[in-house]
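Asks: Here's the letter readout for the chains.
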Amino acid sequence: MINLYEVSETNKMIEQENLDVRTITLGISLLDCCDGNLKACSEKIYEKIVTTAKDLVKTGKEIETEYGIPIVNKRISVTPVSLVGAAACRGPEDFVVLAKTLDEAAKTVGVNFIGGYSALVSKGMTKADEYLIRSIPAALSQTEYVCSSVNVGSTKCGINMDAVKLLGEIVKETAEHTADRDSLGCAKLVVFCNAPDDNPFMAGAFHGVTEEDAMINVGVSGPGVVKEALSKIRDANFEVLCETVKKTAFQITRVGQLVAKEASRRLGIPFGIIDLSLAPTPAVGDSVADILTEIGLEYAGAPGTTAALALLNDQVKKGGVMASSYVGGLSGAFIPVSEDQGMIDAVTVGALSLEKLEAMTCVCSVGLDMIAIPGSTTPATISGIIADEMAIGMVNQKTTAVRIIPVIGKEVGESVEFGGLLGHAPIMPVNPFSCEKFVSRGGRIPAPIHSFKN
Amino acid sequence: MKKTVITVVGKDTVGIIARVCTYLANNKINILDISQTIVQEYFNMMMIVDMNGSLKPFAQISSELSQIGEEIGVKILCQHEDIFDRMHRL
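Chain order of the listed sequences is A and B. Per the numbering used here, residue 10 is the first one in the first sequence, and the count goes up by one each step. Per the numbering used here, residue 644 is the first one in the second sequence, and the count goes up by one each step.
Everything labelled a hint here was simulated from the structure, so no lab data went into it. Even for Gly, the Cβ is constructed at its ideal location relative to N, Cα and C. Be a bit skeptical, because a hint or two may be false.
[Stated by the list, open to error] Just a sample of chain A residues kept apart from chain B, beta carbon distances all over 10 Å, derived:
(1) 56
(2) 60
(3) 77
(4) 251
(5) 316
(6) 387
[Claimed, not checked] Taking lysine-lysine pairs in the DSS-like style, the calculated list, with each CA pair at most 25 Å apart, reads:
(7) B:646 with A:70
(8) A:270 with A:70
(9) B:718 with B:654
(10) A:53 with A:132
(11) B:654 with A:21
(12) B:718 with A:21
(13) A:67 with B:646
(14) B:671 with A:21
(15) B:671 with A:270
(16) A:70 with B:718
(17) A:63 with A:53
(18) B:645 with A:67
(19) A:165 with A:136
(20) A:53 with A:165
(21) B:645 with A:70
(22) A:70 with B:699
(23) B:654 with B:699
(24) B:718 with B:699
(25) A:21 with A:70
(26) B:699 with A:67
(27) A:407 with A:255
(28) A:270 with B:645
(29) A:446 with A:132
(30) B:645 with A:21
[What the hints assert, rightly or not] Where chain A lies over chain B, by a calculated footprint (3+ residues, C-beta under 8 Å):
(31) 655-668
(32) 701-707
(33) 724-731
Input sequences plus hints: build the corresponding full structure.
Replies: Below is the structure:
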């Protein structure tokens with residue numbers, strides 16, 4: 010039987026070390042909502058979402074109460090809207106109508122984000138894909154809950170450089186459309202390479218076409234718990250360090266698995282995957298950067314950071330895999346800047362640069378995340394940053410992403426406040442040299458040689 | 644039978660156990676196990692209870708216990724046993 014020490018340990022993790030389940034994300038297929046008529050398509054989408062997700066928030070809260078574990082977010086991901094709206098939308102403005110429908114549905118069921126305003130264009134864009142991408146600035150500025158993502162590359166297909174060029178412009182335009190809110194729209198737009206079909210984390214969640222009609226995916230968290238565990242073994246060698254991360258990740262993930270199975274049972278919706286990510290928040294003690302300093306770096310970004318992050322990411326996976334029956338999504342350590350107080354501090358003291366962050370993305374779970382750059386950055390430079398990140402994903406057969414915010418009207422030395430879980434960030438300098446000619450070539454970069462495994 | 648773990652943590656004072664147990668008895672909640680320590684006047688108790696016969700739903704019991712905790716200056720939590728079991732047992 011469970012003992013007093015174990016109960017105290019769990020409750021200390023929850024109360025003092027910010028252990029929580031970061032999100033229960035309900036994936037909903039909208040493929041059966043396709044219609045040639047925009048109004049009909051829109052109505053079907055709304056109906057499907059509010060019917061399928063009607064009990065999501067309530068169930069999440071019940072589980073929170075009964076197990077005493079906070080479930081921070083309840084969210085929805087849907088089939089990439091470029092597919093769902095392809096028959097109905099004759100231009101970008103039609104897609105904005107569908108974005109508003111998603112927003113309305115999210116508001117009705119009480120979730121805090123809805124993801125899937127997405128297009129998958131790793132090899133090429135259909136007309137509908139292009140309309141959707143061109144509608145993103147308007148869609149994100151006119152909605153509150155909608156999150157958008159575009160997959161522009163994969164190890165199997167290479168990188169669609171036409172889409173990369175277009176997205177440089179779209180990121181900039183989205184920033185301009187939401188300039189009055191410190192370009193917040195860009196915090197809800199992710200550009201991916203090798204995007205997973207079952208990611209529960211925003212802003213990049215969508216419900217892939219390979220999924221069931223509805224699916225429960227859960228994202229766990231707990232950087233504070235890992236940091237606390239490591240603080241007890243400060244002088245230990247790498248073997249002990251790795252074992253400690255692994256054991257802690259196992260414990261965290263077991264809680265996630267419990268919540269996921271329980272949510273699945275109560276909602277009558279199949280369980281999909283657990284995403285084993287260490288997701289930080291701006292709260293003190295809930296930081297991935299703090300784990301890196303606990304491992305022995307003065308600040309995140311110091312020499313050794315990439316190695317420390319590689320180790321952390323790998324041990325989190327090793328511990329988590331055994332704790333869950335199905336693992337998926339992004340699964341690893343997130344390294345957003347604005348959402349992690351330790352990262353913000355590292356940037357502020359000059360320990361962490363955009364280039365070092367890029368190196369870190371080779372070994373972490375996602376990519377350049379929540380990075381504020383000067384509003385004067387050109388679309389071509391943003392495309393160049395995206396292309397670099399996509400290349401890392403393509404060649405290393407991993408997911409990479411860019412969520413970058415050119416803050417209109419702000420320059421290096423200033424900072425930006427997004428509020429809530431999105432946090433705040435100092436504006437980071439960007440390499441000033443041009444890549445205009447490179448990104449303007451047109452066409453696509455072929456898939457790498459090691460993708461031909463058949 | 645789904646068991647529930649009730650934890651009481653806070654500064655030691657007269658009648659903590661009596662107060663909690665009275666409440667549980669009044670609501671037909673059966674106590675299966677109690678363990679308790681006091682470290683530096685800090686009271687730490689864990690009860691394993693069976694709520695199957697409870698007169699009230701879980702959420703209400705949980706919030707009423709937490710209110711009693713506030714009245715006597717301790718923190719009372721009420722959680723299904725599964726969360727501890729999953730984290731600490733293979």
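Asks: Next step is simple, just say for each hint if it's right about the structure.
Replies: For each hint, the structure was consulted:
1. No beta-carbon of chain B comes within 10 Å of the beta-carbon of residue 56 of chain A; the shortest separation is about 30 Å.
2. Every CB of chain B lies more than 10 Å from the CB of residue 60 of chain A, the least distance being 25 Å, so the non-interface label holds.
3. Distance check for residue 77 of chain A against chain B: the nearest CB is about 4 Å away, which does not clear 10 Å, and the non-interface claim fails.
4. No beta-carbon of chain B is positioned within 10 Å of the beta-carbon of residue 251 of chain A; the least distance is around 20 Å.
5. Distance to chain B confirms residue 316 of chain A as a non-interface residue, since its nearest Cβ pair spans about 30 Å, more than 10 Å.
6. For residue 387 of chain A, the non-interface assignment is confirmed: its Cβ lies about 50 Å from the closest Cβ of chain B, beyond the 10 Å cut-off.
7. This hinted pair checks out: residue 646 of chain B and residue 70 of chain A have alpha carbons roughly 20 Å apart, not beyond 25 Å.
8. Restraint check for residue 270 of chain A and residue 70 of chain A: satisfied, since their Cα atoms lie roughly 15 Å apart, inside the 25 Å limit.
9. As the CA atoms of residue 718 of chain B and residue 654 of chain B are separated by approximately 9 Å, the hinted pair is consistent with the 25 Å bound.
10. For the proposed pair residue 53 of chain A and residue 132 of chain A, the alpha carbon gap of about 30 Å is over 25 Å, so the pair is violated.
11. Our distance criterion of 25 Å between C-alpha atoms is met by residue 654 of chain B and residue 21 of chain A, whose separation comes to about 17 Å.
12. For the suggested pair residue 718 of chain B and residue 21 of chain A, the alpha carbons sit about 13 Å apart, so the restraint of at most 25 Å is met.
13. Only pairs whose Cα atoms come within 25 Å are accepted, and residue 67 of chain A paired with residue 646 of chain B is accepted, the gap being roughly 23 Å.
14. With a C-alpha separation of about 29 Å, the suggested pairing of residue 671 of chain B with residue 21 of chain A is violated against the 25 Å cut-off.
15. Among the hinted pairs, residue 671 of chain B with residue 270 of chain A is inconsistent with the structure: their alpha-carbon atoms are about 29 Å apart, more than 25 Å.
16. Proposed proximity of residue 70 of chain A and residue 718 of chain B is supported: the alpha carbons are some 21 Å apart, at most 25 Å.
17. Taking the CA atoms of residue 63 of chain A and residue 53 of chain A, the gap is near 15 Å; set against the 25 Å cutoff, the hint holds.
18. For the hint linking residue 645 of chain B to residue 67 of chain A, the alpha-carbon distance of about 21 Å falls within 25 Å, and the restraint holds.
19. Simply put, residue 165 of chain A and residue 136 of chain A have alpha-carbon atoms about 22 Å apart, close enough for the 25 Å limit, and the pair holds.
20. A C-alpha spacing of about 34 Å is found between residue 53 of chain A and residue 165 of chain A, which places the hinted pair above 25 Å, so the restraint is violated.
21. Distance check on the hinted pair: residue 645 of chain B and residue 70 of chain A sit about 19 Å apart at the alpha-carbon level, within 25 Å; holds.
22. A C-alpha spacing of about 18 Å is found between residue 70 of chain A and residue 699 of chain B, which places the hinted pair at or below 25 Å, so the restraint holds.
23. For the proposed pair residue 654 of chain B and residue 699 of chain B, the alpha carbon gap of about 28 Å is over 25 Å, so the pair is violated.
24. The hinted pair formed by residue 718 of chain B and residue 699 of chain B meets the criterion: a straight-line CA distance of about 21 Å does not exceed 25 Å.
25. A C-alpha spacing of about 21 Å is found between residue 21 of chain A and residue 70 of chain A, which places the hinted pair at or below 25 Å, so the restraint holds.
26. Only pairs whose Cα atoms come within 25 Å are accepted, and residue 699 of chain B paired with residue 67 of chain A is accepted, the gap being roughly 19 Å.
27. With a CA separation close to 21 Å, the supplied pair residue 407 of chain A and residue 255 of chain A stays within the 25 Å bound.
28. Only pairs whose Cα atoms come within 25 Å are accepted, and residue 270 of chain A paired with residue 645 of chain B is accepted, the gap being roughly 16 Å.
29. Pair hint residue 446 of chain A plus residue 132 of chain A holds up; C-alpha atoms about 21 Å apart against a cutoff of 25 Å.
30. With a C-alpha separation of about 23 Å, the suggested pairing of residue 645 of chain B with residue 21 of chain A holds against the 25 Å cut-off.
31. As drawn, the stretch 655-668 of chain B meets chain A at 0 residues by the rule of a beta-carbon pair under 8 Å; below three, the given contact is violated.
32. Judged by the Cβ-Cβ criterion of 8 Å, the stretch 701-707 of chain B is covered by chain A as claimed, because 3 of its residues qualify and three suffice.
33. For a cut-off of 8 Å, the count of residues in the stretch 724-731 of chain B with a CB near a CB of chain A stands at 8, and the three-residue condition holds.
Violated hints for the displayed structure, listed by number in ascending order: 3, 10, 14, 15, 20, 23 and 31.
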